[in-house]
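Chemist: Below, each chain spelled out in residue letters.
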Amino acid sequence: MSQRIPVTELTPGFRGRAEEALTDGQLRNNFRVAMDSLMTKRANAFPDADEREGLRELGNRLKAGALSRLPDLLEQLEKKLTENGVKVHWAETVEEANELVHGIIEARKGSQVVKGKSMVSEEMEMNDYLAERGIECLESDMGEYIVQLDNEKPSHIIMPAIHKNARQVSKLFHDKLGEPETEDVNQLIQIGRRTLRRKFMDADVGVSGVNFAIAETGTLLLVENEGNGRMSTTAPPVHIAVTGIEKVVPNLRDVVPLVSLLTRSALGQPITTYVNLISGPRKPDELDGPEEVHLVLLDNGRTGAFADAQMRQTLNCIRCGACMNHCPVYTRVGGHTYGEVYPGPIGKIITPHMAGLDKVPDHPSASSLCGACGEVCPVKIPIPELLQRLRQENVKDPEQPQQVKGGGAKYSRTERWIWRGWQMLNTRPALYRSFLWAATRFRALAPKKAGPWTENHSAPVPARRSLHDLAARHLDQNGGRPS
Amino acid sequence: MTARANILGKLRSSLVGTTPRPDEFDEALVTAPWRYAPEDRIARLRSLMEAVHTEVHQCGSDNWPELVAELLNKRNLTNLLCAPSIEHGRALQAYFEATEQTIELLAYDQPVEAWKEELFWNVDASLTGTLGGIAATGTVVLWPDRHEPRLMSLVPPVHIALLKASEIHDNLYDMMVSQDWAAGLPTNVLLVSGPSKTADIEQVLAYGAHGPRELIVLVLEDL
Chain P
1 MSQRIPVTEL TPGFRGRAEE ALTDGQLRNN FRVAMDSLMT KRANAFPDAD
51 EREGLRELGN RLKAGALSRL PDLLEQLEKK LTENGVKVHW AETVEEANEL
101 VHGIIEARKG SQVVKGKSMV SEEMEMNDYL AERGIECLES DMGEYIVQLD
151 NEKPSHIIMP AIHKNARQVS KLFHDKLGEP ETEDVNQLIQ IGRRTLRRKF
201 MDADVGVSGV NFAIAETGTL LLVENEGNGR MSTTAPPVHI AVTGIEKVVP
251 NLRDVVPLVS LLTRSALGQP ITTYVNLISG PRKPDELDGP EEVHLVLLDN
301 GRTGAFADAQ MRQTLNCIRC GACMNHCPVY TRVGGHTYGE VYPGPIGKII
351 TPHMAGLDKV PDHPSASSLC GACGEVCPVK IPIPELLQRL RQENVKDPEQ
401 PQQVKGGGAK YSRTERWIWR GWQMLNTRPA LYRSFLWAAT RFRALAPKKA
451 GPWTENHSAP VPARRSLHDL AARHLDQNGG RPS
Chain X
1 MTARANILGK LRSSLVGTTP RPDEFDEALV TAPWRYAPED RIARLRSLME
51 AVHTEVHQCG SDNWPELVAE LLNKRNLTNL LCAPSIEHGR ALQAYFEATE
101 QTIELLAYDQ PVEAWKEELF WNVDASLTGT LGGIAATGTV VLWPDRHEPR
151 LMSLVPPVHI ALLKASEIHD NLYDMMVSQD WAAGLPTNVL LVSGPSKTAD
201 IEQVLAYGAH GPRELIVLVL EDL
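Heads up: the protein sequence lines correspond to chains P and X, in order. 1 is the number of the first residue of the first sequence in the working numbering; add one for each residue after it. 1 is the number of the first residue of the second sequence in the working numbering; add one for each residue after it.
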């Protein structure tokens, strides 16, 4: 058995965390089991390939159409929501968004917030921001609650605690909540239900994300299974929704195919338990519902992605998570390895616009480019193509103007010269022949190390004779004719 | 410059010289695969809802209060939140009074703030009407109003929903268009397709996460 050569020069980023994750058998097993199951569920949810492909095509056209008139739609959305009594706020950065949210809570003298699942609030690191200002912001999605209790971040955008098994959750509830240990998932969920019910009742403010914002009617649509989203947006006197600017669709009917694509791609469900359409705060004659509803529209790099016609396609994303469920890299290293809010293939193309490519230089390379992510994407984002584009952006000369924020982070002058040399060698026949002659004759002098390649492979050694040599000899021996 | 102006300005400058794509909605894609013969709609809705632990009963449009009493008694529930000011609430109340049921009927007749504690901890079950159902996905549609507020279908552990068989639509698109939802939505519309559930731990499905543990749909045969 050949001895595995250890990776000797770990970078602190993706590669380092990946190495760590790969040695964690429990983690790998948790992900393997979960992703296999999610892939099967999705496949079963789309039994008719023609219907699936037709719907994906429609999903793509609807999102691309909405983006082609995004500013007008955002204005229309704002107008309709305002007419409906919803207050609309705009934020360019996560700091601005947090200030807005904090301002709304402060105006109500609120101290307790319950939050439904929202990836944008993760972008904002809202929990920490509010906690620093004395406001408790409690996650109410079971998975999010579990990871918050363990001071972790979600490892999947749909199933935040997928990296944990029942035994680990049981231990966590025992340690943090003083509950008796049990690996019965029903009992664990009931512990969560009891704990959070009191919080829903007492909360001053509920925060949620938005799956689709409908410009035509001024409606915020949320999908969920647990009811925590409904609780968070209905029980407290104030509801604050936070969303990226790309979530707007023109018409109410547009959500029919999009919700179908979302729920079937994410969890293999024909629809989620609850689809919640919120079009305004409580009316004077109504007896419940929030008195105030706010929407915070966040940019956080999205206008940067929008400016580039190719990268704009990242904004089609409807956050179903199918790309990560089908990604051979994600399945093996898990969501935390990515170290960012959005893991997996979609994270690799979204994050550079938010954080800057220089902050996540390994992300575009952490892919086998097998194409599975692009194949399952319900809105047909060409993820592999965008990853290749980001790889190119990564090695551009940093002194030249960059098209993607933080581009050129992996630029290497040595590598550039090596490729120039390679080009020269392969475009000048005489030089090429001389090189080939020397490389085969002096093969013993070939370097024993070839950068990252030799971390996991033997060093390549030139053959004793080149193919040209062998072919020429063969032709000579056979009278210049093929045998 | 405000954040709004900056964001819209950046978006607009990125679109200079481009024309918006035409509206490319394809109605057939969201309707054709989801058509059912009228007699099959109930069966479709029923099988999908039962697959996610919903209890579905078919009953006459006049004898359903009897079934409600039976279902509550079977579970030893002591009270039921309903809307005595509207038709089905009145029918239920009349039946309960006539048959001297011991189950207490509660009304949601004051703002939630006045009785939040009681609603959250002391209400066993609720009964609401629906705007209709959707066969394609096994869904009932709730259209909360003053009589049947939003939390009524969410907070009590058991939710009973009345669904008229004649109001089951083939698919969501048909329902939205035939009822012209876009012309005016209430503050909150809900598509409900089962009791509250989660699979957040090891993907093991558990019911009763935050909303009702049980959803009971009574399909009233009014065809």
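Keep in mind the hints are simulated off the structure, nothing from the lab. Please note that a few of the clues may not be correct.
[Unchecked claim] Within a straight-line C-alpha distance of at most 27 Å, the following computed BS3-like cross-link-like pairs (lysine-lysine) qualify:
1) Lys283(P) / Lys116(X)
2) Lys449(P) / Lys410(P)
3) Lys10(X) / Lys79(P)
4) Lys87(P) / Lys10(X)
5) Lys80(P) / Lys164(X)
6) Lys10(X) / Lys405(P)
7) Lys116(X) / Lys87(P)
[Claimed, not checked] Now the stretches of chain X that chain P is said to cover, found in silico as 3 or more residues with beta-carbon under 8 Å:
8) 37–49
9) 52–58
10) 189–196
[As the list claims (entries may be wrong)] For the chain P half of the interface with chain X, some residues (derived, Cβ under 8 Å), not all of them:
11) Leu55
12) Gly227
13) Asn228
Note that beta-carbon positions come from the ideal geometry of N, C-alpha and C, so glycine has one too.
Chemist: All the hints need checking, so say for each whether the structure fits it.
Modeler: Hints versus structure:
1. For the hint pairing lysine 283(P) with lysine 116(X), the CA-to-CA distance comes to about 18 Å; that is within 27 Å, so the pair holds.
2. A threshold of 27 Å between alpha carbons decides the hint, and for lysine 449(P) with lysine 410(P) the separation of about 20 Å falls inside it, so the pair holds.
3. At most 27 Å may separate the alpha-carbon atoms for a hinted pair to count; lysine 10(X) and lysine 79(P) meet this at roughly 20 Å.
4. The straight-line distance between the Cα atoms of lysine 87(P) and lysine 10(X) is roughly 22 Å, inside the 27 Å bound, and the hint therefore holds.
5. For the hint linking lysine 80(P) to lysine 164(X), the alpha-carbon distance of about 33 Å lies beyond 27 Å, and the restraint is violated.
6. With a C-alpha separation of about 15 Å, the suggested pair lysine 10(X) and lysine 405(P) falls inside the 27 Å cut-off, and the hint holds.
7. This hinted pair checks out: lysine 116(X) and lysine 87(P) have alpha carbons roughly 26 Å apart, not beyond 27 Å.
8. Given a C-beta distance limit of less than 8 Å, the hint that chain P covers the stretch 37–49 of chain X is violated, as 1 residues qualify and 3 are needed.
9. Against chain P, the stretch 52–58 of chain X contributes 1 residues with a C-beta closer than 8 Å to a partner C-beta. That does not satisfy the three-residue criterion, and the hint is violated.
10. With 8 residues bearing a CB less than 8 Å from a CB of chain P, the stretch 189–196 of chain X meets the requirement of three and the coverage assertion stands.
11. Checking leucine 55(P) against chain X by beta carbon gives a least distance of about 6 Å; that is within 8 Å, so the hint holds.
12. Because the beta carbon of glycine 227(P) sits about 3 Å from the nearest beta carbon in chain X, less than 8 Å, this interface hint is met.
13. Restraint check, asparagine 228(P) versus chain X: the minimum CB separation of about 5 Å is within 8 Å; hint holds.
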